[in-house]
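Build the complex: two chains, separate frames, hints provided.
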Amino acid sequence: MSIEIQGVGKRFGDFVALENIDLSIPTGQLTALLGPSGGGKSTLLRIIAGLENADEGTVEIEGVNATQLPPQKRNVGFVFQHYAAFKHMTVAKNVAFGLEIRKRPKHEIKAKVAELLELVHLSQFADRLPSQLSGGQRQRMALARALAIEPSVLLLDEPFGALDAKVRKELRDWLRRLHDEVHVTTVFVTHDQEEALEVSDSIVVINEGRIEQIGSPDDLYDRPANEFVLSFLGPVTQLGDRSIRPHDIAVSPIEISSAVEGRITRWTRVGFEVRLEVTPTDPRFEDRVLVSLTRAEASGLGVGEGSLVWLRPMDGALTLV
Amino acid sequence: MSTTTTGWPGLSRPAGSVTLTRTSGIGLGLTMTWFSLLVLIPLAAVIVTATEGGWTNFWSAITNEQTSRAIVLTLLAATAVTVVNVFMGTAIAWVLVRDRFWGRSALDVLIDIPFALPTIVAGLVLLSLYGNDSPLGINVANTSWSVYLAFLFVTLPFIVRMVQPVLESLDLDIEEAAASLGASRFTTFRRIILPSLAPAIAAGATLSFARGVGEYGSLVLLSGNLPFESEVASVRILGAIENDNPAAAASVATLLLVVSLLVIVALDVIQRRVARRD
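For the record, the sequence lines run as chains A and B. The UniProt record's numbering applies: residue 1 is where the first sequence begins, and numbers increase by one. The UniProt record's numbering applies: residue 1 is where the second sequence begins, and numbers increase by one.
These aren't lab readings, by the way, just hints derived from the structure by calculation. Don't take each hint at face value.
[Claimed, not checked] Calculated cross-link-like contacts (lysine to any residue; reagent style SDA-like; alpha-carbon spacing at most 25 Å):
{"#": "1", "chain 1": "A", "residue 1": "Lys106", "chain 2": "B", "residue 2": "Pro195"}
{"#": "2", "chain 1": "A", "residue 1": "Lys73", "chain 2": "B", "residue 2": "Phe189"}
{"#": "3", "chain 1": "A", "residue 1": "Lys87", "chain 2": "B", "residue 2": "Leu172"}
{"#": "4", "chain 1": "A", "residue 1": "Lys103", "chain 2": "B", "residue 2": "Leu194"}
{"#": "5", "chain 1": "A", "residue 1": "Lys110", "chain 2": "B", "residue 2": "Val274"}
{"#": "6", "chain 1": "A", "residue 1": "Lys93", "chain 2": "A", "residue 2": "Ser134"}
{"#": "7", "chain 1": "A", "residue 1": "Lys106", "chain 2": "B", "residue 2": "Gly137"}
Just chain B, same shape as in the assembly (with noise of 0.2 Å):
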C-alpha cells in the first residue's frame, strides 16, 4: 500500500459546509414538497384531531373495550401472520429461486395475485371458501380466524417479493467456500445466507405487518365484524366515523400509528443485529 488510508468516503467531506447545487436543491425541495402534501400534513391533521380534546380522550377512546379489543386482536393478528410470513415467505423464495420444477414460473407469477386482486374480491373469495356454506367444509366466518386467514392472504407476497431478488443475486461460490471450510448447510444458511437476507426480510415484515394492521376490505365480508370477536381496528375507525367522533377516530388511528412506527424501528434495529451478527 503507498498510501495510508484518509478515514471513511462519506466523512471527507467537512462537515457544516455542505451545499446543495441547483440541480439537487429543486430535487430536494419536490421531494420535500411532495411527501408533506401526501404524507405529513395528512399524518399531522390525524393526530392534531386525536389530541384536540386532551389526553383524557384519547386515552378513554381507545381504552374504551370494544375498541381496545379490536385494537388487541389487529396487533395480534398482524403479528403472528407477519412471524408466520418470516418463514413462509422465505421458504418460497428459496424454492422459486433454488429449485427447478415444472411450473416453477407459472407459481413465480400466481404468488402476485393477493397483491393484484382487488381486496373486496380477496374477500369475496375468502367468504366463498372458508364461509358457511364453504365447500371444504373449513368454516372460520364470524370467528377471528377469519381475521389471520385474510392477513396471511393479502401479506404472503410482501416477503417473497423482498427476499427473491436478493438470494438469485447471492453468489454461489461463497456457499461453497462455506462448505470446504466445513460448515454444514444449515450453519451456511444461518451464518452466510441469512446476514445477507435479513434486510430484505426485515423489509418484508415491515410491509406485511403495516398492511395487516390497515387491512379492511379483504376481511369484512368474512369476518363479521363481531365486537368482542373479530372486529379489527379499521372497522372501528370507520364505526366511530359513521358515529360522527373523528376525535375517537383519530385516536385509534394514531395508536396504530405510533405502533406502525414502533414495529419499523424494531425491525431495523433486529434486521442490523442480524446483518452483522459475526
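Pulled out of the complex, with its shape left as it was, chain A reads as follows (with noise of 0.2 Å):
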C-alpha cells in the first residue's frame, strides 16, 4: 500500500470536516476522491501533502509515518485547481524549481526539464511565462513541475475544475495516458462523476467527512452501497417504491403484469438519447417517472406524447428500495 490513513479526523470550528477515517491507498493506482462540495476529500488530499495537519489519526506514505512530516520533507507532488503557478518564472523554470530545491546538478537538471516539457507537450513553450499558456497548458505545466520531484505520490486537487468542458474532457483522457506511461500512485479529487467513472482505477466516495464506498469504477455504479452511492454516481429515479437509474426501465406499449401503468408527459431528444417523463396513474406515485432510452428503441415503441405505457426495471438492473 503506497499511502495508509488510519483514524484521521479534522475540525474547523465547530465544523467535522473529517470523522475517523481509514483508507488504503494501493501503489501505481489512479484513485479519485469523489463527492459532493465541503464533503471532505480536499481536506483529506491536503492532509496527505501536510499542508493541512491532522487533529487526530495517522498517515503513512510508502510505509514511513508522515503525520508530522511538514509538505516539504513527504516528497509528494500537488497539483491545484487554480494552477499555482510561478507567474515570474518561464515555464521551464516553473518545472525545474523543485530540482533546483534539491541542488541537482545543472545538466541533470536541464535534462529532466526537457524530458517533462515533452512527456506533457510543451517543448515548445519552455521559454514561456505562465501568463502566455491557456488554461489547460497550465494546468501540463503544474503537473510537470509536480512529476519533475519523482514523488512517491502524486495529488490533483480538482485539477480541471477551472477549466471548460471541452478541455476538461481532453485533459482527463491525456492524464488516464500519461498514468498509464509513468505509474506514479496517483490521486485526485473530484466532484464530477463521471470524470472519476472515466479515469479511475478506484473511487472512494466521500461525504459529510465519512468514506460512505470504496471500489472500482462498475462496482460503485452497479452495486452502490445506498441510496447517497447511488444517486452520486449517475441520475436516479423512482418507479413505484424503489430507486433506479432511468436506462434501467424497460418500456412496454401493451399492458404487462407488475408494472407501473402512467402516461407519457413529456418527451424530449438529446442527441442520441431520448428522455421521457411518465405520470403514474397510480395517485399513491407522486413522482414522475424518468426514462432514458436510445431514439432506435423509442422510435421502436410506436407511442408519443400522451400514449399509456407500462414499465418495470430491466432484467437484473439495480434498484433500492
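In C-alpha cells, the structure reads:
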C-alpha cells in the first residue's frame, strides 16, 4: 500500500470536516476521491500532502509515518485547481524549481525538464511565462512541475475544475494515458462523477466527512452501498417504491403484469438519447418517472406524448428500496 | 494548438501609424497641459535659474562647504532611512496581512498617522519626545540623529502601504506549491514572494527617498538647523532665498532633482532584476 490512513479526523471550529477516516491507497493506481463540495475530500488530500494537519489519526506514505512531517519532507507532488504557477518564472523554470531546491547538477536538471516538457507536450513553450499559456497548458505545466521531483505520490486537487468542458474532457483522457505511462500512485479529488468513473482505477466516495464506499468504478455504479452513492454516481428516478437508474427501465406499449402504468407527459430528445417523463396513473406514486431510451428503442415503441405505457425494471437492473 | 503564435499582442500594430481617436486626443492633450503647467515648466524654471550664472556659479554654490555638508547629510539620511524602511516596511506589511492579533485593525489605521499629521505637528511631537526635556531621557535635539529620526517618522507608511495590497493579493496556494516541491519558508520568500513584492517595495522606496530629500517641517524644530551638524538641504535652500541668492537655491534644488531622478531609475533597474531574477 502506498498511502495508509488511519483514524484521521479534522475539525474547523465546530465544523467536522473529516471523521475517523481509514483508507488504504494501493501503489501505482489512479484513485479518485469523489463527493459533493464541502464533503471533506480536499481536506483529506491536503492532510496527505501535509498542507493541513490532522487533529487525530496517522498518515503513512510508502511505509514512512508522515503524520508529523512538513510538506517539504513528504516528497509528494501536488497540483492545485488554480494552477499555482510561479508567475515570474518561465515554464522551464517552473518545472525546474523542485530540482533546483534539491541542488541537482545543472545538466541533469536541464535534461529532466526537457523530458518532462516533452511528456506534457509543452516543449515549444519552455521560455514562455505562465500568463502566456492557456488554462489547460498551465495545468499541464503544473503537472510537469509536480512530477519533476519524482514524487512517491501525486495528488491533484480538482485539477480540471477551472477549465471549460471541452478542455476538461481532453485533459482527462490525457491524464489517464499519462498515468499509464508513468505509473506514479495518483490520488485526485473531483466532484464530477463522470470524471471519476472515466479516469480512475478505484473511487472513494466521501460525504459529510465520512467514507461512503470504496470500490472500482463498476462496483460503485452497479453495486452502490447506499442511496447516496447510487444518486451521486448517476441519474436516479423513483419507479413505484424503488430507486432505479432511468436507463434500467423497460417501456412497454401494451399492458404487462407487475408493471407501473403511466402516461407519457414529456418527450425530450437530446442527441442520441430520448428522455421520457411518465406520470403514473396510480395516485400513490406522486413522482414522475424519468426514463432514458436510445432513439432507436424509442421510435420502435410506436408511442408518443400522451400515450399510455407500462414500466418495469429491466432484467438484472439494480434497484434500491 | 490550432494557430501558431503571431507575436506579442502589443507589437501587432504597425509602427509609426498610431492615430488617436478624438477622445483619446483630448485626454492626451489635457494630461500634457496639466503636467506641463504643474511639473515640467516649474522644473525647467528651476534648472534655468540654476544655470543662469554658468557652470562655475553652479559648482561653487553646491561645493560651498556648509551647503555640501547639508546636501551630504540629507542624501545620507534619506538613503539610510530608505534602506531601513525597505526591511521594516515589508515586515510591518507582512505582519498586518498575514498575522491575526488583537488590535490589528487599529494598528492598520494608525500606520497612516505620519501621512495624515501636518509635518510641523510631527516636528512638535518629536521635539517633545526626543528634545531637551525628553520624558524618555533620549535627547537628540541639535544633532544629526534628529534628521534621521524625523525622516524615519514621516517615511514609515510609504513601503507598508505599497506592499500591503500586493501581499494581500498573493495566492496562498503558490506558497503551498513551493513548500510541497521542497522549498523552505525562507527559500519560498526569497524566490517566490519577494519577486512579486519587488515592484511595490521599489515604488515605496522611491517615495520614501524623495520625501526624505525634501523634508523640512518635521525636522526644523528638533534639528536646530546647526550648520555642519544638523542642517539639511531644504533648510539651505530656504537660507539662500532669504539671503536673496535664488541662483544658489536653484543650484541645490537642481542637484537634489538630479539625484532623485537617478535614484528613481536605479530603483527601477533593481526592481526589474529582482522581479525577473529566475
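Hints, one by one, checked against the model:
{"no.": "1", "hint": "Lys106/A <-> Pro195/B", "in the structure": "holds, 22 Å"}
{"no.": "2", "hint": "Lys73/A <-> Phe189/B", "in the structure": "holds, 18 Å"}
{"no.": "3", "hint": "Lys87/A <-> Leu172/B", "in the structure": "holds, 13 Å"}
{"no.": "4", "hint": "Lys103/A <-> Leu194/B", "in the structure": "holds, 21 Å"}
{"no.": "5", "hint": "Lys110/A <-> Val274/B", "in the structure": "holds, 23 Å"}
{"no.": "6", "hint": "Lys93/A <-> Ser134/A", "in the structure": "holds, 18 Å"}
{"no.": "7", "hint": "Lys106/A <-> Gly137/B", "in the structure": "violated, 58 Å"}
Hint 7 from the earlier list is the only one contradicted by this structure; the remaining hints agree with it.
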